[in-house]
Amino acid sequence: ILNVEQSPQSLHVQEGDSTNFTCSFPSSNFYALHWYRWETAKSPEALFVMTLNGDEKKKGRISATLNTKEGYSYLYIKGSQPEDSATYLCAFKRLYFGNEKLTFGTGTRLTIIP
Amino acid sequence: GAVVSQHPSRVICKSGTSVKIECRSLDFQATTMFWYRQFPKQSLMLMATSNEGSKATYEQGVEKDKFLINHASLTLSTLTVTSAHPEDSSFYICSATAWDTQYFGPGTRLTVL
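Chains A and B, in that order, give the protein sequences.
Sequential numbering from 1 applies to the first sequence in our numbering.
Sequential numbering from 1001 applies to the second sequence in our numbering.
In case anyone wonders, no lab produced these hints; they're calculated from the structure.
Hints are supplied without guarantee of correctness; some may be wrong.
[Stated by the list, open to error] Using 30 Å as the maximum straight-line C-alpha spacing, the simulated DSBU-like pairs for lysine-lysine come out as follows: (1) Lys69(A) x Lys58(A); (2) Lys1041(B) x Lys78(A); (3) Lys1055(B) x Lys1066(B); (4) Lys1041(B) x Lys101(A); (5) Lys1064(B) x Lys1014(B); (6) Lys58(A) x Lys1014(B); (7) Lys1014(B) x Lys1066(B); (8) Lys101(A) x Lys58(A); (9) Lys59(A) x Lys1064(B); (10) Lys69(A) x Lys1041(B).
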């Protein structure tokens, strides 16, 4: 059983503040780490696919880092806005021939307080 | 990005009936689609991998006779929950792979009375 843990489970952040949360995953047989943003009643939106140790990716005010040796990834949001309110999911893909399966964490539910 | 639709978004049915959920890739072809289920406060759990033109691959503990999957074309996979019971009430969501990323539909909330 693959364990993908996300913390915190939920988070309230004042508009304009920056925040970050964590995804931890198995450090062995790593292939990729995916981040998604999931707003209520919508489809999960793919944010990043991270594959290389030390990788840092950025999309607007959101960025993510990856440490495959210790098995964690951070997602950062700079200058939070109300539209950032969503559940942020990470998903781990294991190195395995022909494998496309993703194992998800339970998510971090972010609420931005205006 | 790629768009995946799912229908219906919500369904309520009586115990013992069967329910069909459709998953479509709208602007790309998908030889592989995935079906997940999510119970309250839990993560998305993969149920099965749907392969176009061949049998689906089910995860351990998922009954293939209960959750019938058909992937008859490169843009459509269906999940049929047969003889649904209250314990099948859950959120079901599909995804399809394009350019090394899985794109998700908006999900289906199934309530079995």
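Going down the list of hints, with the structure as the test:
1. About 21 Å separates the Cα atoms of Lys69(A) and Lys58(A), which keeps this hinted pair within 30 Å; it holds.
2. Between Lys1041(B) and Lys78(A), the direct Cα distance comes to roughly 27 Å. Compliance with the 30 Å bound is thereby established for this hinted pair.
3. For the proposed pair Lys1055(B) and Lys1066(B), the alpha carbon gap of about 15 Å is at most 30 Å, so the pair holds.
4. Our distance criterion of 30 Å between C-alpha atoms is met by Lys1041(B) and Lys101(A), whose separation comes to about 21 Å.
5. The straight-line distance between the Cα atoms of Lys1064(B) and Lys1014(B) is roughly 21 Å, inside the 30 Å bound, and the hint therefore holds.
6. Annotation: proposed proximity of Lys58(A) to Lys1014(B) is violated, straight-line Cα distance about 47 Å (limit 30 Å).
7. Among the hinted pairs, Lys1014(B) with Lys1066(B) is consistent with the structure: their alpha-carbon atoms are about 16 Å apart, no more than 30 Å.
8. Proposed proximity of Lys101(A) and Lys58(A) is supported: the alpha carbons are some 24 Å apart, at most 30 Å.
9. Distance check on the hinted pair: Lys59(A) and Lys1064(B) sit about 40 Å apart at the alpha-carbon level, beyond 30 Å; violated.
10. Using a Cα cut-off of 30 Å, the hinted pair Lys69(A) and Lys1041(B) holds, with the two alpha carbons roughly 29 Å apart.
When each numbered hint is compared with the structure, violations occur for hints 6, 9.
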